[in-house]
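S.K.: Protein chains in written order, with our numbering: chain A, 1 to 234; chain B, 1 to 657; chain C, 1 to 275.
It cannot be assumed that every hint is accurate.
Below, a list of computed lysine to aspartate or glutamate pairs in the EDC-like style, where the Cα atoms sit at most 20 Å apart [unchecked claim]:
1. B:K558 / B:E521
2. B:K558 / C:D50
3. B:K558 / C:E46
Simulated coverage check for chain A against chain C, where a stretch passes if three residues somewhere in it have a Cβ under 8 Å from a Cβ of chain C [said to hold, decoys possible]:
4. 78 to 92
5. 101 to 113
6. 120 to 132
7. 146 to 156
8. 222 to 229
Here are some chain B residues pointing at chain C (derived, C-beta under 7 Å) [as the list claims (entries may be wrong)]:
9. A92
10. I141
11. Q147
12. R176
13. A196
14. A197
15. E521
16. T540
17. T562
No wet-lab data here; the hints were simulated from the structure. Glycine is no exception: its CB is placed at the ideal position from the N, C-alpha and C atoms.
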Amino acid sequence: MATAVKDLSAPAPRRISRLGLLWRSTIGKKIIMAVTGLVLVLYVFVHMLGNLQVFAGPEKIDAYGRLLRAAPVLLWTARIVLLAAAVAHAWAGIELQLRARQARGVAYADYRPGASSAASRTMLWSGLLILLFVVYHVLDLTVGVVHPDFREGEIYWNVVKRFGQITGVAAYLIAMVALAFHLWHGIYSMFQSLGLSNRRLTPQVQKFAAGLATVLTIGFSAIPLAVIIGVVKV
Amino acid sequence: MATDLRTAPPGPSAPARARLDARVPGGPLGSKWEQRRFEMKLVNPANKRRYTIIVVGTGLAGGAAAASLGELGYNVVNFCIQDSPRRAHSIAAQGGINAAKNYTNDGDSVERLFYDTIKGGDFRAREANVYRLAELSTAIIDQCTAQGVPFAREYGGTLANRSFGGALVSRTFYARGQTGQQLLLGAYQALLRQVAAGTVKLHPRHEMLELVVVDGRARGVVTRDLVSGAIRSWAADAVVLATGGYGNVFYLSTNARGSNATAIWRAHRKGAFFANPCYTQIHPTCIPRSGEYQSKLTLMSESLRNDGRVWVPKAKGDARAPGDIPDADRDYYLERMYPTYGNLAPRDIASRAAKTVCDQGRGVGPGGLGVYLDFRDAFQRLGRRVLDERYGNLFEMYERITGEDPHDVPMRIYPAVHYTMGGLWVDYDLMSTIPGLFVGGEANFSDHGANRLGASALMQGLADGYFILPYTIGDYLARGGLAKLDTGHAAFRDAEADVLARSRRFLEIGGTKPVEHFHRELGNVMWNECGMARSRESLTRALAALPGLEEQFWRDLKVTGTGEELNQELERAGRVADYFELAALMCQDALVREESCGGHFRVEHQTEDGEAKRDDARFTHVAAWEWRGHGPGAERPIRHEEPLVFEAVPLQQRSYK
Amino acid sequence: MRLVLEIWRQKGPEAPGAFARYEVPDASEHMSFLEMLDVLNARLVERGEDPVAFDSDCREGICGTCGFLVNGEAHGPLPNATICQTHMRHFKDGDVLRLEPWRARAFPVRKDLVVDRGALDRIIASGGYVSVRTGSAPEANAILVPKPAADRAMEAAACIGCGACVAVCPNASAALFTGAKVSHLGLLPQGQPERPLRVLAMNAQAVEEGFGHCTSIGECAAACPAGIQLEVIGRMNRDFFTAALSRRDELEPVAVLPKSSALRAYVAEPKKGET
Ligand SMILES: Cc1cc2nc3c(=O)[nH]c(=O)nc-3n(C[C@H](O)[C@H](O)[C@H](O)COP(=O)(O)OP(=O)(O)OC[C@H]3O[C@@H](n4cnc5c(N)ncnc54)[C@H](O)[C@@H]3O)c2cc1C
Ligand code: HEM
Ligand code: HEM
Ligand code: SF4
Ligand code: F3S
Ligand code: FES
């Protein structure tokens with residue numbers, strides 16, 4: 001077909017894996033980020049629903065915790081999928097952003113963004129914050145090593161104790177703000193990266209993204225807040 | 001007897017007063033091009049890549065030619081002055097492109113397009129060329145559509161047409177108001193495809209400053225790299241110039257700032273005859289200049305005249321706001337002078353009328369150089385919605401530039417230089433009087449005679465580039481006789497030396513005024529004396545004034561910087577220097593042509609009702625000027641004639657009363 | 001009106017640059033922005049100083065030659081307009097305006113406000129066309145195109161290649177420019193045969209040129225004088241996705257023009273004396 005290609009192709013055609021083709025190109029990387037991002041969003045959403053059971057009292061949420069551990073195989077596959085997604089996502093995101101830094105070359109002395117949201121311009125930072133948070137958070141409520149008074153399997157207790165400390169509450173709320181930023185733009189951008197955008201759909205998508213981000217943030221934040229104002233206590 | 005300028009030694013030593021032979025093939029009009037293509041010698045495909053062809057210009061003509069020649073396998077070297085081939089001035093064309101497709105079933109045909117073009121050109125174009133143009137017009141639309149040019153479409157998916165420039169049939173194809181842009185991008189993409197394929201070597205930001213002629217044949221060019229300033233020679237077996245029009249000799253025109261005459265003028269100095277330099281088209285509906293600093297004029301589509309009424313106050317210097325002037329005090333002069341056509345009178349007539357009323361001191365706006373184009377009545381008759389559908393984007397464009405909203409105040413318009421029908425003389429094969437030097441697009445003189453019809457320049461540029469030059473150049477190469485040579489040849493070294501010396505000269509003048517100043521002065525002289533209405537007096541005045549101005553230029557010009565860097569002042573200096581020489585030739589040509597035809601209006605030659613009056617007995621010919629030197633003491637240029645014979649369309653006077 | 005200009009001055013591609021301060025005491029509100037610069041330059045020349053180099057040609061918003069940032073905004077403050085279409089009436093007496101060239105690794109500065117946008121040409125050259133030989137086209141009306149498709153294609157094709165999208169994108173991404181061409185040709189039947197190859201080739205070239213990726217930030221569309229919408233980037237991403245997943249056999253190797261291709265000729269070109 002196009003002479004441009006024929007004339008310039010020195011090496012003999014080589015078959016390349018779909019993933020390879022995606023990973024090597026910037027658009028492909030964004031597609032991978034979108035897909036992994038989707039996985040992460042879904043997890044976070046389910047996770048929020050699970051967590052909200054603290055309002056139903058200790059029995060319910062601890063039972064939920066035991067349920068999760070009931071089938072270790074499932075649990076670990078889930079964890080591995082999740083971990084893989086997070087790693088691929090973070091890796092791609094960081095790599096792309098580093099490329100972008102170079103692409104600008106000399107920085108502008110004066111640059112006035114007009115149309116864009118702060119969230120869209122700080123995806124790396126909100127993302128990294130989330131990364132830090134997740135590490136801290138897993139050590140805190142899953143492993144328990146950074147927890148003041150950790151009791152294996154007693155989610156309700158662990159949660160209430162964690163948010164007994166104002167520092168803990170602050171740490172979590174900051175993370176939730178970062179999450180809000182990240183998803184406010186991220187979920188919309190996800191559709192764009194997957195090519196699911198046009199002049200009719202996109203405005204709806206943006207509303208949906210904003211909405212979901214808000215729901216998730218409020219849903220999560222409700223727990224630490226409920227604990228300090230004493231709605232949820234041991 | 002006709003001297004064949006291909007075999008006769010051309011260039012500076014051309015035979016004096018040769019009667020130019022266009023080498024039009026025999027046979028009936030309808031089969032001439034067929035015939036010519038059959039006579040052509042073909043280049044062995046295996047040898048094509050051994051031939052180097054230089055194409056100067058990446059507009060519709062140059063871009064299409066370079067792409068097509070590259071496709072054929074020739075080794076093409078392509079230059080343009082912009083930073084990208086896509087920015088050639090063709091990009092600015094708005095209205096559309098004609099083609100005799102007869103899709104609207106309104107009785108169009110190749111014959112009719114041919115007839116309209118000949119008549120529109122006021123019987124000063126070559127029948128055979130115009131007929132070929134009409135024939136090729138349909139293939140152009142096919143080609144561009146296949147390239148993906150997004151022409152306007154009907155709901156059924158077929159191509160849409162509109163009528164344009166007073167034609168009685170709808171044969172104009174268009175892509176929004178950006179037809180030129182889309183056609184050029186089509187050619188540009190085809191060109192870049194060849195660049196990627198390696199058949200075309202593209203050199204943007206390179207200005208051709210000299211043509212190199214060896215043994216009477218065009219064998220290369222000398223360019224200046226506009227970024228590094230490097231002067232470099234390029235050898236070739238044939239050279240194509242597609243460098244556009246020279247309207248900027250008037251300083252203010254609708255042309256882009258970069259449009260220039262340097263390439264064709266340098267070729268003219270090397271022996272290429274310059275045909276009908278005085279034929280310039282003035283467009284009636286442009287936005288008037290707002291002050292001294294004005295750098296270019298913007299075209300407003302003529303379609304506005306369908307619903308707008310043109311008027312000026314009856315009284316001299318009536319300072320009232322247009323809204324406050326009652327109809328009783330308004331002079332709708334076009335309707336008054338041309339009852340039948342009224343506001344739709346042809347370009348040249350409408351332009352001259354505007355000048356007349358402004359000369360009477362009744363013009364409006366800054367400097368009294370403008371007339372009203374008023375939509376008041378149309379708004380009342382059709383309502384705002386209808387008009388906005390028709391002209392919304394134009395109203396917006398006007399407001400963006402002037403800050404005035406045509407919904408509230410009438411538009412102000414004034415004529416402006418738009419197109420140059422003159423250019424390097426070419427024969428039927430588009431070859432100039434220098435063998436091996438081909439000229440396409442607005443740069444040559446062909447096809448439009450003394451006046452160009454709307455939407456036919458794009459057609460001509462693409463016909464030249466896609467469908468004529470690729471054949472005729474092949475024929476020229478196949479006929480052989482080209483000695484091997486490279487840029488080591490003395491002719492190249494001399495040319496390079498000349499170019500260097502010239503730019504050094506600009507840098508060393510060390511005067512006090514920037515190039516702009518002299519260009520503006522030159523423009524004023526040309527516009528006032530050699531513009532819309534020309535007379536023996538005005539032209540003699542111009543010819544008297546120009547040398548003095550030119551002498552000042554060479555004495556008082558200031559060009560800063562050096563030649564070894566990006567130096568825009570230096571670029572302009574070279575172009576303006578050439579304009580001075582071209583301007584003199586334009587005035588001479590206008591002076592000798594003792595008749596009025598198309599865009600060339602001599603006040604001495606008009607009918608009692610102000611119509612152009614041709615003198616077919618004396619001037620049914622192309623005037624092609626041969627360079628004889630310039631400046632004090634130089635020989636006067638020689639005026640050659642190519643007689644024009646009209647077999648298919650009988651000569652007739654046009655009347656728009 | 002009186003204006004103070006802080007303009008980026010840089011002698012040549014390799015030379016260091018800095019902002020220089022100039023005054024235009026008597027600009028008229030009817031001038032276009034570039035005419036105001038013409039006035040400044042005329043004065044500079046008369047004073048024997050090097051005038052400010054800036055690109056322009058058509059001066060009516062169609063050729064895409066002009067362009068620089070005015071106070072951090074590409075093509076100045078007017079939405080969907082080039083700087084050559086911007087008139088001084090949009091500024092106030094006493095304004096201080098900072099003029100800065102497009103900045104992107106793929107757009108090296110040549111002088112002052114003039115940059116080299118050849119990278120955009122090379123993106124087109126890598127696949128932004130329909131391969132049709134001159135003369136081999138079918139009868140135009142043999143190709144029917146639904147009016148909506150034709151109109152969408154025209155909207156995307158309206159890109160003037162000015163590079164503002166790259167200039168304002170925080171990632172210096174050419175996504176809008178590339179997406180516009182991919183969409184223009186992808187919307188038309190004529191563009192289908194090469195559609196998968198085109199999108200992969202053009203993006204491989206964009207990566208090779210050093211443009212960034214797209215994070216859907218949206219500054220580009222806001223600055224685009226041709227009003228190109230973000231939708232074209234979505235279309236490009238979708239085409240890329242399908243091409244990468246379904247048609248990869250015919251795709252490798254993806255054409256990438258070497259940076260030193262003919263389009264870079266004048267960089268490689270010997271200066272006087274070197275030959
Ligand atoms: C505002 C406007 C509207 C118009 N509208 C229409 C219309 O609706 N319909 C229509 O049919 N016609 C229209 N025209 C006329 C038409 O656009 C032009 O006549 C035509 O496009 C000229 O094309 P070209 O290829 O001959 O030259 P151009 O497109 O001008 O190309 C000239 C090329 O030569 C290059 N060049 C010039 N000098 C040199 C040099 N010394 N060295 C190297 N390269 C050089 C330039 O870089 C450029 O690439 C319009 C013209 C204007 C000004
Ligand atoms: C206030 C908000 C949150 C609370 C109260 C909370 C609570 C918990 C609890 C109790 C666990 C342990 C569950 C168990 O051991 O069975 C847990 C695990 C986890 N949480 Fe959260 N969480 C919150 C927010 C988040 C957020 C925002 C994210 C991600 C961005 C997140 C990611 C995780 C992960 C990855 C795990 C480990 C799951 C596993 O065991 O594999 N959490 N969380
Ligand atoms: C682990 C740490 C994380 C990092 C470093 C990170 C980083 C990034 C970055 C840099 C982007 C922008 C990509 C671009 O430049 O266009 C991005 C996009 C995105 N992120 Fe994250 N992120 C992280 C975690 C998460 C999490 C936990 C979620 C979901 C809860 C998430 C969801 C998304 C989504 C949906 C997008 C949009 C993808 C796209 O534009 O196609 N990210 N992330
Ligand atoms: S997409 Fe818009 S901003 Fe980008 S190059 Fe084209 S016209 Fe300029
Ligand atoms: S601003 Fe840049 S990130 Fe994408 S949406 Fe426009 S290219
Ligand atoms: S100069 Fe042509 S777009 Fe500004």
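S.K.: All hints, please: hold or fail.
M.R.: Going through the hints against the structure:
Annotation: proposed proximity of K558 of chain B to E521 of chain B holds, straight-line Cα distance about 15 Å (limit 20 Å). For the proposed pair K558 of chain B and D50 of chain C, the alpha carbon gap of about 11 Å is at most 20 Å, so the pair holds. Proximity of K558 of chain B to E46 of chain C is assessed by CA-CA distance (about 7 Å); at most 20 Å being required, the pair is judged to hold. Here's how the segment 78 to 92 of chain A fares: 0 of its residues keep a CB closer than 8 Å to some CB of chain C, so the rule of at least three is not met and the hint is violated.
Under the rule that three or more residues need a Cβ within less than 8 Å of chain C, the assignment of the segment 101 to 113 of chain A holds, with 12 such residues. Figure legend: the segment 120 to 132 of chain A, annotated as covered by chain C; annotation consistent (3 residues with Cβ-Cβ distances under 8 Å, at least 3 required). For the segment 146 to 156 of chain A, the stated coverage by chain C is violated: 0 residues have a C-beta nearer than 8 Å to a C-beta of that chain, whereas at least 3 were required. For a cut-off of 8 Å, the count of residues in the segment 222 to 229 of chain A with a CB near a CB of chain C stands at 0, and the three-residue condition is violated.
With a least beta-carbon distance of about 5 Å to chain C, the hint placing A92 of chain B at the interface is held under the 7 Å criterion. Because the closest C-beta pair between I141 of chain B and chain C is about 5 Å apart, less than 7 Å, the hint holds. At its closest, the beta carbon of Q147 of chain B sits 5 Å from a beta carbon of chain C; the interface hint therefore holds under the 7 Å criterion. Evaluation of the R176 of chain B hint against chain C yields a held restraint, the C-beta minimum of about 6 Å falling below 7 Å.
Given hint, A196 of chain B at the interface with chain C, holds; its Cβ is 4 Å from that chain's nearest Cβ, closer than 7 Å. Proximity of A197 of chain B to chain C is violated relative to the hint, the smallest CB-CB distance being about 9 Å (cut-off 7 Å). Annotation: E521 of chain B was flagged as interfacial toward chain C, and the flag is violated, the nearest CB pair being 13 Å apart, outside 7 Å. Look at T540 of chain B: its Cβ only gets to about 32 Å from chain C, farther than 7 Å, so that hint breaks.
Because the beta carbon of T562 of chain B sits about 10 Å from the nearest beta carbon in chain C, more than 7 Å, this interface hint is broken.
This entry does not satisfy hints 4, 7, 8, 14, 15, 16, 17, going by the numbered hints stated previously.
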